[in-house]
Every structure is written in C-alpha cells, then in structure tokens.
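**Q** Spelled out from the first residue to the last, the chains are:
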Amino acid sequence: DAGITQSPRYKITETGRQVTLMCHQTWSHSYMFWYRQDLGHGLRLIYYSAAADITDKGEVPDGYVVSRSKTENFPLTLESATRSQTSVYFCASSAVSGANYGYTFGSGTRLTVV
Amino acid sequence: AQTVTQSQPEMSVQEAETVTLSCTYDTSESDYYLFWYKQPPSRQMILVIRQEAYKQQNATENRFSVNFQKAAKSFSLKISDSQLGDAAMYFCAYGDNTNAGKSTFGDGTTLTVKP
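Residue numbers (my numbering), protein chains in the order written: chain A, 1 to 114; chain B, 1 to 115.
The shape of chain A in the complex, shown without the other chains:
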C-alpha cells in the first residue's frame, strides 16, 4: 500500500553509537521533514528537505545528519547517540509546500538511548 514508511518502529541503542532511522515515501512528494516529539514540547523540526539533494536545518539539528539522494528516501542519522536524543521521531512528507496542505506522517520511531 502506498504511503510513508518509517523503520524501525522501536529502537534501543547505547550512548555513543551511531543509529539511522529510515523514512521512505511512495508518492514522490517533494517535501520531507523530520520531527521529534517530546513530552511538553510538541513536535520540533530537526531537518527538512524541499527536493532531492536539498536539505536544511530545522529548530533542533545538533547531533543529527540527513541525506536525500533519492526523492523517496530521507534517512536521519544520529552520529553519536546521547540520552537527550531519547524521543519519538516522525517523518512527514508533502507534495507541495506543507504550509498549504499539511503533512502526511509516518507511524514514528520510538528511540531509547541507554
């Protein structure tokens, strides 16, 4: 079924490890976004991409790296995981500017850093 898929759904990793969260969408949407959700903070933007090979920082980019070599994939890498990066991570996409029509979200990845 077409949609936006995140993997894994749950992940436990150790402090200092590198971990990559995957995001794949089948609509060829131009815009893709990574948000983190923490209690009391709503959703905060980490990185976003307007098209393949175009990425930019959001509100909380430190400690994260993204790439977008293909339109459909937008992986998020934590270079050296810290406990403060324990969170639920959401990938989202939008065909046109998300400002106009809103986002379609993946089901999220719950990441625990121990």
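Honestly, the hints are just simulated from the structure, not real lab data. One or more hints might be untrue.
[Claimed, not checked] Cβ pair distances, simulated, as ranges:
id: 1; chain 1: A; residue 1: 95; chain 2: B; residue 2: 44; range: 18 to 26 Å
id: 2; chain 1: A; residue 1: 84; chain 2: B; residue 2: 29; range: 27 to 35 Å
id: 3; chain 1: A; residue 1: 26; chain 2: B; residue 2: 63; range: 26 to 34 Å
id: 4; chain 1: B; residue 1: 8; chain 2: A; residue 2: 67; range: 35 to 43 Å
id: 5; chain 1: A; residue 1: 5; chain 2: B; residue 2: 10; range: 26 to 34 Å
id: 6; chain 1: A; residue 1: 77; chain 2: B; residue 2: 9; range: 30 to 38 Å
id: 7; chain 1: B; residue 1: 61; chain 2: A; residue 2: 8; range: 26 to 34 Å
id: 8; chain 1: B; residue 1: 26; chain 2: A; residue 2: 15; range: 32 to 40 Å
id: 9; chain 1: A; residue 1: 54; chain 2: B; residue 2: 71; range: 17 to 25 Å
id: 10; chain 1: B; residue 1: 70; chain 2: A; residue 2: 12; range: 44 to 52 Å
Heads up, the beta-carbon is just placed ideally off N, CA and C, and yes, glycines get one too.
Put chain B on the given structure of chain A with help from the hints.
**A** Then chain B, alone, in the frame of chain A:
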C-alpha cells in the same frame, strides 16, 4: 518567528457531548494556513482539518469544525457528538510560505472521552 500555543494540556468530555480545544498563534503574515492533527494511542498523526487564513468561512469536516478568529489569532477545534475513538492528543499547527513551507506545532492537548 511564528508560535503556536495550546493552553489546555488536558481536556475531558462525556461521550456524545461537545468539546472545544483552544489554540492561539502569533504571526505577522497575512496569508497562512492552520491545521489540527489527531494523534491516537497508536501514535499515528492524522490531519483532521485545515483552514486557509484568507477564507472567512470556518472549515468543517463531519463532526469536527473550527472557530477561526483571525483578528484574535485564535483557532479552536470543536468536536461534536464525541465518540470514544476521539480520545487522542490533538495538535494545532501553523504554516505559511515564507519559511520553506515548514509547520510550527503547539504542545498538544490530550483529550479523554468518558463513556
């Protein structure tokens, strides 16, 4: 920078009753969009309703409607005939075309529906 404020961390409603969730925002733009998203316990974020700022008419989607007060920068969500399946966290969000189409989210309101 644009901000979105949801002043009610938690709300509850009796099944079949009506509940209103509040949202205020701050922007200097005249052309923008507002959204309500629902996040049930499954964690999946679902777009519930969308409002274009240039439209005076309030958006409606079945039992969900909004009260959009542009001058007051207020955007509340009304849920009529509440159902157990409406229990979720609701996020208000703002977007405009000046900031690469990024949306800003409020902190959310957790809605409990009592049978």
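**Q** If a hint holds in the structure, say so; if it doesn't, say that too.
**A** Here is how each hint holds up against the structure:
1. 95(A) to 44(B): 18 to 26 Å: holds (19 Å)
2. 84(A) to 29(B): 27 to 35 Å: holds (33 Å)
3. 26(A) to 63(B): 26 to 34 Å: Holds, at about 30 Å.
4. 8(B) to 67(A): 35 to 43 Å: holds (39 Å)
5. 5(A) to 10(B): 26 to 34 Å: holds (32 Å)
6. 77(A) to 9(B): 30 to 38 Å: Holds, at about 33 Å.
7. 61(B) to 8(A): 26 to 34 Å: Since the Cβ atoms of residue 61(B) and residue 8(A) sit about 33 Å apart, the hinted range of 26 to 34 Å holds.
8. 26(B) to 15(A): 32 to 40 Å: holds (37 Å)
9. 54(A) to 71(B): 17 to 25 Å: The hinted range 17 to 25 Å is violated for residue 54(A) and residue 71(B), with Cβ atoms some 37 Å apart.
10. 70(B) to 12(A): 44 to 52 Å: The hinted range 44 to 52 Å holds for residue 70(B) and residue 12(A), with Cβ atoms some 46 Å apart.
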